[in-house]
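J.: So the protein lines, in turn, are chains A and B.
First residue of the first sequence? That's 1 in the numbering used here, and the numbers climb one at a time after it.
First residue of the second sequence? That's 1 in the numbering used here, and the numbers climb one at a time after it.
Hints in this document: simulated from the structure, not taken from any laboratory.
Please read all numbers here as calculations on a predicted model, not as lab measurements.
A couple of the hints might just be wrong.
As the list claims (entries may be wrong) - So the derived label-pair ranges between C-beta atoms look like this:
| hint | chain 1 | residue 1 | chain 2 | residue 2 | range |
| --- | --- | --- | --- | --- | --- |
| 1 | A | T214 | B | S16 | 43 to 51 angstroms |
| 2 | B | A161 | A | D68 | 29 to 37 angstroms |
| 3 | A | D68 | B | A226 | 39 to 47 angstroms |
| 4 | B | A137 | A | T70 | 37 to 45 angstroms |
Stated by the list, open to error - Derived list of chain B stretches under chain A, where covered just means 3 residues or more per stretch with a C-beta under 8 angstroms from a C-beta of chain A:
| hint | stretch |
| --- | --- |
| 5 | 12-25 |
| 6 | 81-87 |
| 7 | 92-101 |
Ideal Cβ positions, reconstructed from N, Cα and C, are used throughout, including at glycine.
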Amino acid sequence: MTSDAIVVRDLHKSYDGVEALRGVSFDVRAGEVFGLLGPNGAGKTTTVEILEGYRRRDDGEVTVLGHDPTAAPRALRERIGVVLQHSELHPLLTVRETHRMFAGYYARPRDVDEVIDLVGLAEKRDAPLKTLSGGQKRRLDLGVALIGDPDLVFLDEPTTGFDPAARRSAWEMIRALRSLGKTILLTTHYLDEAQQLADRVAVIQAGRIVSLGTPAELIGATETVEVRFVRDGEPVVIPTDDPTRTLHELTSEALASGRRLEHLEVRRPTLEDVYLELVDGDAEDAA
Amino acid sequence: MLVHQLTYEQRTFWRSREAAVFIFVFPLLLYTLLGSVYSDEIEINGVGVPSADVLLAGLFGYGAANTAFGGLAIILVNRRELGILKRLRSTPLAPATYITAVLLSTLAIFALQAVALVLLGKLAFDASAPANWLGFAGAVVLGVACFAGLGLGAASLIRSAEGVSAVVNVVLLPMAFLSGSFGPREEYPAFLNAIADVLPLTYFLDVVNGVYLDGESLFADPKALAVVAAWGAAGLAIALRRFSWMPRER
Numbered sequence: 001m002t003s004d005a006i007v008v009r010d011l012h013k014s015y016d017g018v019e020a021l022r023g024v025s026f027d028v029r030a031g032e033v034f035g036l037l038g039p040n041g042a043g044k045t046t047t048v049e050i051l052e053g054y055r056r057r058d059d060g061e062v063t064v065l066g067h068d069p070t071a072a073p074r075a076l077r078e079r080i081g082v083v084l085q086h087s088e089l090h091p092l093l094t095v096r097e098t099h100r101m102f103a104g105y106y107a108r109p110r111d112v113d114e115v116i117d118l119v120g121l122a123e124k125r126d127a128p129l130k131t132l133s134g135g136q137k138r139r140l141d142l143g144v145a146l147i148g149d150p151d152l153v154f155l156d157e158p159t160t161g162f163d164p165a166a167r168r169s170a171w172e173m174i175r176a177l178r179s180l181g182k183t184i185l186l187t188t189h190y191l192d193e194a195q196q197l198a199d200r201v202a203v204i205q206a207g208r209i210v211s212l213g214t215p216a217e218l219i220g221a222t223e224t225v226e227v228r229f230v231r232d233g234e235p236v237v238i239p240t241d242d243p244t245r246t247l248h249e250l251t252s253e254a255l256a257s258g259r260r261l262e263h264l265e266v267r268r269p270t271l272e273d274v275y276l277e278l279v280d281g282d283a284e285d286a287a
Numbered sequence: 001m002l003v004h005q006l007t008y009e010q011r012t013f014w015r016s017r018e019a020a021v022f023i024f025v026f027p028l029l030l031y032t033l034l035g036s037v038y039s040d041e042i043e044i045n046g047v048g049v050p051s052a053d054v055l056l057a058g059l060f061g062y063g064a065a066n067t068a069f070g071g072l073a074i075i076l077v078n079r080r081e082l083g084i085l086k087r088l089r090s091t092p093l094a095p096a097t098y099i100t101a102v103l104l105s106t107l108a109i110f111a112l113q114a115v116a117l118v119l120l121g122k123l124a125f126d127a128s129a130p131a132n133w134l135g136f137a138g139a140v141v142l143g144v145a146c147f148a149g150l151g152l153g154a155a156s157l158i159r160s161a162e163g164v165s166a167v168v169n170v171v172l173l174p175m176a177f178l179s180g181s182f183g184p185r186e187e188y189p190a191f192l193n194a195i196a197d198v199l200p201l202t203y204f205l206d207v208v209n210g211v212y213l214d215g216e217s218l219f220a221d222p223k224a225l226a227v228v229a230a231w232g233a234a235g236l237a238i239a240l241r242r243f244s245w246m247p248r249e250r
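If we strip away everything but chain A, and leave its shape as in the complex, we get (with noise of 0.2 angstroms):
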């Protein structure tokens, strides 16, 4: 069990009589880019702010490092970097200013410029925050999270409202960090961002972890592919588990008649169909 840097078991936790997690059970491998992802309300959040420390489980069991996070030990502290969904630093400290106050909290911290220029805020040193924009400060986020130079990073949504240019450079630095061998645990509610970059992903709905697996094996775990093809003007879409023999029938049968099957193709699943196929339905919009 020493190389899972996070193991959880049966976590259950509700807010006033409401259940926000029935059971959720996961590990997270050390050195691994885990995404948790799901849709608004279904949890990751809730999920973790207990492994951070912030929130007590209801029941369950969590290891963070070989901690229990629930009294947050120092040891546990300084070997974790936290990148919160919503929070702010002191407007009126400059960029360094802000990366030196939380270098002094830790005993090992890295060295404050060496941080700033590896989360690309070089050129703003010296900028006070209240200067800076949302994605930079994102990336300030990042920055003071691993001025610690922790093993285990949490991040929580760490591109919501970001620009395309601004995502794919958050991206890029999240796979830096995976390549200097953080254990990173990124929660996310963008398919194509835990496609991107989760080494495995658990899909999480309504409280309970719904599927679990490497992006992959998560669209292979369904055995359905689509035909679709155009017949008479109309859009037809056939689900299979044997495309074969689908294909023969539907060939034929258009051959004996004389038909066309314009715009003919088989499909597989991306994640995003297999991941609308697991919250569908009873998607919650709860924040």
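Given chain A, work out where chain B should sit, using these hints.
T.: Showing chain B alone in chain A's frame:
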């Protein structure tokens, strides 16, 4: 780590012009204004005292409440609602170290303000120097301790960053007026004096007058000390039960 945090507390305080003006400069400004209005002696318990001295003591009390109660509550609520406190909570910085640094920073600001008040009084209005310097220094610490306790309590009860300044001033200004910070309250109607008789600032001013004007020991009036301590302890008790590091749910 305490010293580290203290330097950053001081840096953030002085860099914010609003905080520096409202918390540090405002009592000095009021002293200048009121000192220019009242020029004669003011009778306190039948004894004539230079108005510059009475006002200096009064604004010293107001300054303590303004800095440690008002300033602290505003700073903590804002930091909590911005998520700064939550963010700090996941670092190895111990909560006790953080709160201690915030309190020491408040103490440093008020001590500096007290010195500035005495200097301003001396230079502009020929006010007396404190009769008991040691007791005066003790009053600085006592004032910060009492009103910081209340400030922590208030920060625990006030839920929104938008409302905190308003709430603080609605409490602070009437209290200062009733307790006699802005001038003698000898001629107030009885019901106003009855309210003043339960306020912490009234008793704190009694202690300040004792050490500043009469050269008494800080401990000369045990009843006043006890009331001041009780208010501070009540605020602290609320804070211990209700203080939260997390912002309101959004």
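J.: Of all the hints given earlier, name the ones this structure violates by number, lowest first.
T.: Checked against the structure, no hint fails, so every one of them is satisfied.
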